[in-house]
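Chemist: Okay, here's what each chain looks like letter by letter:
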Amino acid sequence: MHKDVFKNYQKNDKSALIPLLQDVQSLYNYLPEEALKDIAEFLGIPLSRVFGVATFYNQFRLTPIGKNVIRVCRGTACHVKNSSNLLFALETALGIKAGETTRDKNFTLETVACIGACSIAPVITVNDEFYGRLSVKDIPKIIKTYTTAQQKAAVEIKAEESAA
Amino acid sequence: MKSYMDKCCSECWHSPANPCDMFIRCCTEGPLCHNSDACKQRLMDLNKKLRYESHDIPIIFIGMGTCGLASGAAKVEQAIRQELEKLNINAQIEPTGCIGYCSKEVIVDIKLPGGERISYCEITPKIVAKFIQKTLVDKQIFTEKLLGTHNKLNTEIIPIHNIPFFKKQQKIVLENCGIISPISIDAYIANGGFKALDKVLRLMKPMEVVKEILSSGLRGRGGAGFPTGKKWELAHNQKADVKYLICNADEGDPGAFMDRSVLESDPFRVVEGMLIAAFAIGASKGYIYCRAEYPLAISRLENTIEQCKNYGLMGDNILNSDFGFDLKIKKGAGAFVCGEETALIGSIEGRRGMPKPRPPFPSISGLYGKPTVINNVETFANITSIVNKGAEWFASIGTSTSKGTKVFALSGKINNTGLVEVPMGMTLEDVVFDVGGGIPNHKQFKAVQIGGPSGGCLPESVIKTPVDYESLKTVGAMMGSGGFVVMDEDTCMVDVAKFFLTFIQNESCGKCVPCREGTKRMLEIIERIPHSYKNTSNKLDQLQRFKGVIHLQRLASVIQDTSLCGLGQSAPNPVLSGLKYFREEYEEHLYERKCSAAVCKELLTFTIDNSICTGCGVCVKKCSVDAIAGEKGHAHYILDDKCIRCGMCFESCRFNAIEVN
Numbered sequence: 001m002h003k004d005v006f007k008n009y010q011k012n013d014k015s016a017l018i019p020l021l022q023d024v025q026s027l028y029n030y031l032p033e034e035a036l037k038d039i040a041e042f043l044g045i046p047l048s049r050v051f052g053v054a055t056f057y058n059q060f061r062l063t064p065i066g067k068n069v070i071r072v073c074r075g076t077a078c079h080v081k082n083s084s085n086l087l088f089a090l091e092t093a094l095g096i097k098a099g100e101t102t103r104d105k106n107f108t109l110e111t112v113a114c115i116g117a118c119s120i121a122p123v124i125t126v127n128d129e130f131y132g133r134l135s136v137k138d139i140p141k142i143i144k145t146y147t148t149a150q151q152k153a154a155v156e157i158k159a160e161e162s163a164a
Numbered sequence: 001m002k003s004y005m006d007k008c009c010s011e012c013w014h015s016p017a018n019p020c021d022m023f024i025r026c027c028t029e030g031p032l033c034h035n036s037d038a039c040k041q042r043l044m045d046l047n048k049k050l051r052y053e054s055h056d057i058p059i060i061f062i063g064m065g066t067c068g069l070a071s072g073a074a075k076v077e078q079a080i081r082q083e084l085e086k087l088n089i090n091a092q093i094e095p096t097g098c099i100g101y102c103s104k105e106v107i108v109d110i111k112l113p114g115g116e117r118i119s120y121c122e123i124t125p126k127i128v129a130k131f132i133q134k135t136l137v138d139k140q141i142f143t144e145k146l147l148g149t150h151n152k153l154n155t156e157i158i159p160i161h162n163i164p165f166f167k168k169q170q171k172i173v174l175e176n177c178g179i180i181s182p183i184s185i186d187a188y189i190a191n192g193g194f195k196a197l198d199k200v201l202r203l204m205k206p207m208e209v210v211k212e213i214l215s216s217g218l219r220g221r222g223g224a225g226f227p228t229g230k231k232w233e234l235a236h237n238q239k240a241d242v243k244y245l246i247c248n249a250d251e252g253d254p255g256a257f258m259d260r261s262v263l264e265s266d267p268f269r270v271v272e273g274m275l276i277a278a279f280a281i282g283a284s285k286g287y288i289y290c291r292a293e294y295p296l297a298i299s300r301l302e303n304t305i306e307q308c309k310n311y312g313l314m315g316d317n318i319l320n321s322d323f324g325f326d327l328k329i330k331k332g333a334g335a336f337v338c339g340e341e342t343a344l345i346g347s348i349e350g351r352r353g354m355p356k357p358r359p360p361f362p363s364i365s366g367l368y369g370k371p372t373v374i375n376n377v378e379t380f381a382n383i384t385s386i387v388n389k390g391a392e393w394f395a396s397i398g399t400s401t402s403k404g405t406k407v408f409a410l411s412g413k414i415n416n417t418g419l420v421e422v423p424m425g426m427t428l429e430d431v432v433f434d435v436g437g438g439i440p441n442h443k444q445f446k447a448v449q450i451g452g453p454s455g456g457c458l459p460e461s462v463i464k465t466p467v468d469y470e471s472l473k474t475v476g477a478m479m480g481s482g483g484f485v486v487m488d489e490d491t492c493m494v495d496v497a498k499f500f501l502t503f504i505q506n507e508s509c510g511k512c513v514p515c516r517e518g519t520k521r522m523l524e525i526i527e528r529i530p531h532s533y534k535n536t537s538n539k540l541d542q543l544q545r546f547k548g549v550i551h552l553q554r555l556a557s558v559i560q561d562t563s564l565c566g567l568g569q570s571a572p573n574p575v576l577s578g579l580k581y582f583r584e585e586y587e588e589h590l591y592e593r594k595c596s597a598a599v600c601k602e603l604l605t606f607t608i609d610n611s612i613c614t615g616c617g618v619c620v621k622k623c624s625v626d627a628i629a630g631e632k633g634h635a636h637y638i639l640d641d642k643c644i645r646c647g648m649c650f651e652s653c654r655f656n657a658i659e660v661n
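Each protein sequence line maps, in turn, to chains A and B.
If you count the first sequence from 1, position 84 lands on 84 in our numbering, and the numbers rise without skipping.
If you count the second sequence from 1, position 453 lands on 453 in our numbering, and the numbers rise without skipping.
Think of the hints as simulated: they come from the structure by calculation, not from any bench.
Computed from a prediction, not measured in an experiment: that's the story for all the values here.
Beta carbons: idealized from backbone N, C-alpha and C, even for Gly.
Among these hints, one or two may not hold up.
As the list claims (entries may be wrong) - So the derived list for chain B, only partly shown, Cβ under 7 Å to chain A, looks like this:
{"#": "1", "residue": "Thr66"}
{"#": "2", "residue": "Pro254"}
{"#": "3", "residue": "Gly255"}
{"#": "4", "residue": "Phe257"}
{"#": "5", "residue": "Ala292"}
{"#": "6", "residue": "Ala333"}
{"#": "7", "residue": "Gly350"}
{"#": "8", "residue": "Phe361"}
{"#": "9", "residue": "Ala409"}
{"#": "10", "residue": "Thr417"}
{"#": "11", "residue": "Gly418"}
{"#": "12", "residue": "Val485"}
{"#": "13", "residue": "Arg645"}
{"#": "14", "residue": "Glu651"}
{"#": "15", "residue": "Phe655"}
Unchecked claim - The list that follows gives simulated cross-link-like pairs (lysine to aspartate or glutamate, DMTMM-like), each with its CA atoms no further than 25 Å apart:
{"#": "16", "chain 1": "A", "residue 1": "Lys141", "chain 2": "B", "residue 2": "Glu651"}
{"#": "17", "chain 1": "B", "residue 1": "Lys356", "chain 2": "A", "residue 2": "Asp13"}
{"#": "18", "chain 1": "A", "residue 1": "Lys3", "chain 2": "B", "residue 2": "Glu349"}
{"#": "19", "chain 1": "B", "residue 1": "Lys134", "chain 2": "B", "residue 2": "Glu94"}
Said to hold, decoys possible - Output of the computed footprint for chain A on chain B, the stretches with three or more beta carbons under 8 Å from beta carbons of chain A:
{"#": "20", "region": "351-357"}
{"#": "21", "region": "499-507"}
{"#": "22", "region": "634-642"}
One chain only, chain A, in its complex shape:
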């Protein structure tokens, strides 16, 4: 599947490594080992270097992620406005640490250095949705929005299955 992405790039063009990794990641949501090997071969660079780049940059991950990605901003403005408490509340509510994924694969919790929305600190994003000016009290509601959506979808799928 990821070989389709290669079409947009020139073979052996070493500068294409990072964009190529970005494209493959947006395809799978992570970088599978097979894809890294293929990229190394396609660009004519050693696998060790591909691995080096993939682990150097924060954007790339080598393990699959959950359906909803929650990112807690840990920038200065958010820190001053107690984002560490938000992170702790999320960690306790989801039962995972930052960087991990829940067992039902519904949530991945991450921290980011700064989202650049400091004026509405503290901020978290869920997928691409921004939530600003938060307090710990808002956390359960936000998590609920995404768990119920998931449960609803599951119920619908079941209903469809039973109808079929």
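Starting from the structure of chain A, add chain B where the hints point.
Modeler: Chain B in isolation, oriented as in the chain A frame:
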């Protein structure tokens, strides 16, 4: 005519493949190549329309930068559209960027035909119906949420530049932000866009442009403040088959969002600045290295480049000159160190973003070994104004060594958070209390963190320091890219130092030892300071703590002196400025085991005031370690042995029954 690319008549032949050198002037003053009153009228009508001067239907401007969107601008837009449909009103909705007053988002401007443009703030979907009724149907002022007027027609309404937030600002870079559409090249041209490029290509030689920038005194806005003209001169004098120009939009400083806002709100200005720079140094290829965390900025840039190509303002033979320029976007992949020039070059080349020793400077040997100039977004955004209004005008603003204005991102414990542009030389006090509106909730000002992880925390005693490169350095901070985080009495300076060191430690690329190992050791020392005695039963650990603190200052100066790049060299600054100005706070943590700001959790004790506690049980549910006991309906108490001091009970209590000591 709907856009400038629609020909006024068959006389006009401008196209990207066959460009006309008079195109830009023709748009606003034309037609120039032939005499026709009908064509003149057509162009004038188009100009008026694009400048929102004459229109038949109301225009509704909605601030839709990331901050606006995060405050719900998209929902407001949807509500307005529904309301318009319901009332059967025909109006034009114009999404704009951010005007800078982020704490008042969502900001919506209304301009009725023939009327003035009036700004309203804090619009929510709930009040949209009332708002539309009052402004568009009754054609009156919606006074509850009034911000000000952009024109000076009506004396009853306060002009927007007279309200305290805007009054002391001087907008050069942010001139168009939040005012014109950031997605339309026509709007940009109608408001004076590409005039500078036109002037440079027609009337100036590359070296004259370099000289103009040199004499303007413009310095790099990315942080270090290297004179932009000198960088250009160095690259201009190099002989090479190809030269590169890079725009550094890898805004990694936590607490800074100037570049994002400029790219989202006025991307054409940045690209025009780049075109001028490329002409001056003789570059034919360029890159914008933008953070992947800024999806909106990237899509606006893609749109900008696309439109420039369609208008013949990018590619070969721009405006029928022999100057050609090709611009590409490179997405960053989340590494703070890539803001450093040589690391950024490495990243574009497809390697790990690790800095290289300088010299050779990138202006001599940069991307793929070719002469390369790298400037910050804000630097490029200044270029057009300098070319249009002259170096002398620019040099007249600011102080003797720092010219022009600086954009700051105000955030933290301050009333008016947002983006401000102030002339160099204004004092920090004016920025915090006049522009920023002071500290919320009547709290006491404690410090302002300026310059991000490389800068320092400045207390009240130096608040009269003027904002310029040299003055900030003397007091132990630096200009940085423009993060401006205000802290009040509830902020612990030891915690802030720990925060920055954690950040630096995570972002250190690992190439040189002082930065990689030194910052780790520093972090360990700082982490030990608020360590609880309870967990340090062995005396060795306590001894280590005191020993560490004694060596902290020396370690910091070694890291400063021996690190390879700016990241390491400036990494100890937050700690050093903390030790300089807030020494008593460090000592209080060490000797008295106390954190006055109640932030360092290990030093806190949580107790429940049993005269207030109603026994509702909310805190019991919140506590993740079962450290709260008590019967329902009766006052609870906290088991200190079990308590991990997470503070969740404190945050969740509705009766403020939990005390922190």
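Chemist: All hints, please: hold or fail.
Modeler: Going through the hints against the structure:
Hint status for Thr66/B relative to chain A: holds, with the closest Cβ pair at about 6 Å, below 7 Å. Checking Pro254/B against chain A: minimum C-beta separation of about 3 Å stays under 7 Å; hint holds. Interface restraint check for Gly255/B: the shortest CB-CB distance to chain A comes to about 4 Å, inside 7 Å, so the restraint holds. For the restraint placing Phe257/B at the interface with chain A, the shortest Cβ-Cβ distance is roughly 4 Å, inside the 7 Å limit, so the hint holds.
Hint status for Ala292/B relative to chain A: holds, with the closest Cβ pair at about 6 Å, below 7 Å. Annotation: Ala333/B was flagged as interfacial toward chain A, and the flag holds, the nearest CB pair being 4 Å apart, inside 7 Å. A cut of 7 Å between beta carbons decides the hint on Gly350/B: the least distance to chain A is about 4 Å, and the hint holds. For Phe361/B, the interface hint is violated, since its Cβ never comes within 7 Å of a Cβ in chain A; the closest pair sits about 21 Å apart.
Given the 7 Å rule on beta carbons, the hint for Ala409/B holds: about 6 Å separates it from the nearest Cβ of chain A. The closest approach between the C-beta of Thr417/B and any C-beta of chain A is roughly 4 Å, which is under the 7 Å cut-off, so the hint is satisfied. For Gly418/B, the shortest C-beta to C-beta distance to chain A is roughly 5 Å, which falls under 7 Å, so the interface hint holds. For Val485/B, the interface hint holds, since its Cβ comes within 7 Å of a Cβ in chain A; the closest pair sits about 5 Å apart.
Given hint, Arg645/B at the interface with chain A, is violated; its Cβ is 11 Å from that chain's nearest Cβ, farther than 7 Å. Hint on Glu651/B holds. Least Cβ distance to chain A is approximately 4 Å, under the 7 Å limit. Using the Cβ-Cβ criterion of 7 Å, the hint placing Phe655/B at the interface with chain A is not satisfied: the shortest such distance is roughly 14 Å. For the given pair, Lys141/A sits about 15 Å from Glu651/B by alpha-carbon distance, which is consistent with the 25 Å threshold.
For the hint linking Lys356/B to Asp13/A, the alpha-carbon distance of about 22 Å falls within 25 Å, and the restraint holds. Proximity of Lys3/A to Glu349/B is assessed by CA-CA distance (about 22 Å); at most 25 Å being required, the pair is judged to hold. A C-alpha spacing of about 19 Å is found between Lys134/B and Glu94/B, which places the hinted pair at or below 25 Å, so the restraint holds. Coverage of the region 351-357 of chain B by chain A holds. Counting CB-CB distances below 8 Å, 3 residues qualify, and the rule asks for three or more.
Residues of the region 499-507 of chain B with a Cβ under 8 Å from some Cβ of chain A number 5, which satisfies the need for three, so the listed coverage holds. A count of 0 residues in the region 634-642 of chain B with a Cβ less than 8 Å from any Cβ of chain A is obtained; the coverage claim is therefore unmet, three being the minimum.
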